[in-house]
Amino acid sequence: SQQGEEDPQALSIQEGENATMNCSYKTSINNLQWYRQNSGRGLVHLILIRSNEREKHSGRLRVTLDTSKKSSSLLITASRAADTASYFCATDEGGTSYGKLTFGQGTILTVHP
Amino acid sequence: SAVISQKPSRDICQRGTSLTIQCQVDSQVTMMFWYRQQPGQSLTLIATANQGSEATYESGFVIDKFPISRPNLTFSTLTVSNMSPEDSSIYLCSASKMTGELFFGEGSRLTVL
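If you're matching them up, the sequences are chains U and F in order.
Just so you know, the first sequence maps onto residues 1 to 113 in the working numbering.
Just so you know, the second sequence maps onto residues 114 to 226 in the working numbering.
Chain F with its partners taken away, still in its complex shape:
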């Protein structure tokens, strides 16, 4: 298994600012992902965080808006840039080992005013 710590757990931000969410895993994992979950909705994959290289983004998500870093096997960050109220959401870090199941952090609940 893997335990994932995310911070901040929640934040309230002003329009136009940026926020970086950190994700720390307690053991080495093969893959790390960032998901977005609107309140009461399902999860949408933002990108795959690749170690030491640029993240792989899903359709509808771009690096300028959601820059992602993964400097090593256990740590990743997601930045939500130039925020608008539409970015208010829960952002979830997840990781997998070769078993295929995903482990999730508790999420970062972001409110943009």
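Only chain U is shown next, with the shape it has when bound in the complex:
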């Protein structure tokens, strides 16, 4: 079953603007990850945030995690046309399920030049 719900389902912005995507999940987690998928390609790992972390940065990416609300957000700053892709959050429940990820429905991001 799908753990994560993402919103918005689709997001269209202009180059240079910021893009924010949100993810909610249902069970306790060991970590939460974000992936990008360009059309017709495999997924690329962007960032991993552990359950005891609240915020993490990587280049133009900023991820927050609120375990009390079971939610996460991905912020892409100063977006570029090359950021156009689908973005998925994925949760790792840990324990005996460590390493097995459950993916959200994804957000389709379109960045217009």
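Honestly, the hints are just simulated from the structure, not real lab data.
Cβ coordinates follow ideal geometry from the N, Cα and C atoms, glycine included.
Some hints could be false.
[Claimed, not checked] Some chain U residues close to chain F (C-beta under 7 Å, calculated; not the full set): (1) 31; (2) 43; (3) 45; (4) 48.
Since the structure of chain U is provided, determine the placement of chain F on it from the hints.
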């Protein structure tokens, strides 16, 4: 990191036939997984490929339909058996090391007529 090669990248098959997808990783990994992704949809975990033993299947997936092998730490195969049009999908091989992130192949796009 790990680079994952999958083949075939795409195939068109007849109903009732079987197809085996191969997945090769360029370095040793701890875990390997097979996911299915319907066009425009999220990823659903089929099974965890266990080295030298039977795969661990998720709810809704069975060994007779999706036999999986993993003879060593860097190679796995997924067979889609007795295919029907409902099996048309993208099948993705993924692998992880102890860092927790997943590396993905480019996927195998299967169309069943």
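Hints and how they fare:
With 7 Å as the threshold, the beta carbon of residue 31/U comes within range of chain F, its nearest partner Cβ sitting at about 6 Å, so the hint holds. Taken as an interface hint, residue 43/U checks out: its beta carbon lies about 4 Å from the nearest beta carbon of chain F, inside 7 Å. Interface restraint check for residue 45/U: the shortest CB-CB distance to chain F comes to about 4 Å, inside 7 Å, so the restraint holds. Residue-level restraint check for residue 48/U holds (minimum Cβ-Cβ distance to chain F is 6 Å; threshold 7 Å).
Going down the numbered hints, you'll see the structure goes against none, and every one checks out.
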